[in-house]
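Asker: Letter by letter, the chains look like this.
Number of protein chains: 2
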Amino acid sequence: MRPLRTAEILAVGSELLTPFRRDTNSLVLTSRLNELGISVVGKAIVGDDVSALSATVQAALTRADLVVLTGGLGPTDDDVTRDAVAQALGLDLDEDPSTLAAIEARFARRKLAMPAINRRQALVPHGGVVLPNPAGTAPGLWIERGEQVVVLLPGPPREMRAILEGELGPRLAARSGGRHVERRVIRTTGRPESTIDEIASPIYTPWKTAAPPIETTILAGGGQIELHLAATSDGTPAAAAALDRGVAALVSALGDIVISTDGRPIEAVVGDALKARGWMIATAESCTGGGIASRLTDIAGSSAYVAGGVVAYADAVKTEVLGVPAEMIAAHGAVSEPVAIAMAEGARRRLGADVGVSVTGIAGPSGGSAAKPVGTVFIGIAVPGGPATAKAFLFLGERAMVRTQAAMAALDLVRRTLAS
Amino acid sequence: MRPLRTAEILAVGSELLTPFRRDTNSLVLTSRLNELGISVVGKAIVGDDVSALSATVQAALTRADLVVLTGGLGPTDDDVTRDAVAQALGLDLDEDPSTLAAIEARFARRKLAMPAINRRQALVPHGGVVLPNPAGTAPGLWIERGEQVVVLLPGPPREMRAILEGELGPRLAARSGGRHVERRVIRTTGRPESTIDEIASPIYTPWKTAAPPIETTILAGGGQIELHLAATSDGTPAAAAALDRGVAALVSALGDIVISTDGRPIEAVVGDALKARGWMIATAESCTGGGIASRLTDIAGSSAYVAGGVVAYADAVKTEVLGVPAEMIAAHGAVSEPVAIAMAEGARRRLGADVGVSVTGIAGPSGGSAAKPVGTVFIGIAVPGGPATAKAFLFLGERAMVRTQAAMAALDLVRRTLAS
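Protein chains in written order, with this note's numbering: chain B, 1117 to 1536; chain S, 1117 to 1536.
The hints are simulated quantities; they were obtained by calculation from the structure and are not laboratory data.
The list treats identical chains as interchangeable, and a pair is accepted whether it falls inside one copy or across any two copies.
Restricting the straight-line Cα-Cα distance to at most 30 angstroms, the calculated cross-link-like pairs of lysine-lysine (BS3-like) are:
(1) Lys1507 with Lys1391
(2) Lys1507 with Lys1488
(3) Lys1488 with Lys1391
(4) Lys1488 with Lys1227
Given these sequences and hints, build the entire structure.
Answerer: Here it is as structure tokens:
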């Protein structure tokens, strides 16, 4: 059997054609298909319309080895995927007794009688294989047509993933010709995309035509830049080894702007560094308003190293709770290097922590001046065994962007300080 | 000329077929088209492939009055949209002198010579109308084919929107037959989707067949439920009046779970209520880790009513900074009603605020017990002129969901308290 190399993904449902809903299943599916060396060559979103969907399935089969449909497998008249696929392939629909029994059992476990309409969910295009759904009533379906395959999956992401991770994954792997794609991700922060590209591009450009070839992608967002590396494995360790050499070369060139190469976000890297030293951290935030503490405590188990924080929006909170001298604020302004230093020291001392990190800045849209425009941010840090210090930043963009970048820069200052 | 009633949207670009990028332009376009009474009947994402794209355009023209393409208008060989549309419609490409002059001028303003490849961006399928791009070099194009219209827009969202809000909007409005869609949004929190549906559905179901008909959608997420109402206006005020009556009827039935009917998020509603009373608020957060303070300070101008907050992750911070008695924590546990009350009082008093709101709970995945399972959360509130109080909640879901729901419930307790 020829291996599957190309796929189209069709998301079914009129609600996906409104401004309020978007198809997210296709991203999960694409990721898994790419891992198996299967490229996605097209995607479509189709409403609950048998003839439009049937035509779209037929068109997709002229272009792709594999067509995956998500959604439209519910029990109501709006759920047209089974009918449309049967029509597109010229197949009858048979009622599958074991699927019907499984649906009835699912209702029985909840002490409910199966509504008559759910009987439709046991219909299978002739010759199709049922992919059991551990998370809902609608099973997936696997239908072969010569060397091509059509897969039907339910729309709720939890159910779609349950089948993908259950019976579908191994079936696809068996048809992928033994190929799979290995990936590595290098996360960086503190330099713009253009700088990363300038450093990294001369290194990775020759890899595109090397053996095995490595594909690279730069993704920017949320104050960080990611470099994604991918290589298709032929079953030998060559691809993994090439990627590991590639990661090592890029990390060496990029230096200390690299946050992680193992997928950890910066708050996890900071958390692990704190745990390694047995240190507790405390935050003192003005313009980020709790965003740094919130990110640190996103991580399960962060109570082992987060003492807490103070959101010091009003100057009185800076003086009363953090102990920043009122005269210092009067002399230098709340957004200043000395105040950032005093906030970091205050957080560390008043909250009984080892590390104090502080942010004071002007997130905008108002509050800026010629000397301190919107985006001006001072970040302070206090650690055991030395005086607290602060750094000045100027972030561009509107309020939310300034806040996100400031939180990221503060976490990065902690990361660098703990690494040194 | 027959008005445009149906549209398909085609996003062009191989990067949109990876797991890392998704088409967002189509949501913006759908929203604008729906406002003009134009339904989106299909969407597709196509790679940088002339013949596949040309076939997709031809198929879309069999189903829709209007086909909008985004992306693939850059200057490189990968940018195939102009060629594919010309091929699909059987049109030659002409070089448009004024577009070429505009592109040259754009480079000249930046003291650059126009690279030769950018000349391609001045190619126009014969008979097409150029839609100037105020934000980039690639202009949009408007091509009529009988009563049908094909529109080409650049892929960068900022450029796409600039043309949509510029020349494209009025052209579409002129072809929409004078229709437009009015919308209203009712935001609620504190009750599950099924309860909202049970209350609202008997009220709005008859509206589907009323004159003018009102369409309703329920959207759930982030701890809140939204009811969207839409009606197509024929140019008279009938649709707006029907929607206003509908909103009034639903608000009356839903009661105090309604956050807003004017689009404001709960943190803005709380902020406006605080400003109206001239009150300052302070937060004391354990399991939400700064999430409430962060949401309150998302709002520009929130320094007028946010004093600040304390993230009291460690028990020592609860006692030292917020003044919660250590014996109380020992007797009742940190996650308890008395501690929530003491935290709210402490935030109010120690941060010099009028309102104190507190959260203490178990976000998980660990830390739960039989008596206090993961998801157990106590929310406290202290206001002038009365004793502080607290309420117990049990939120379902994993860590991030518990934190989001707890922050939402805390903001809602403040909203209800200020409204009473």
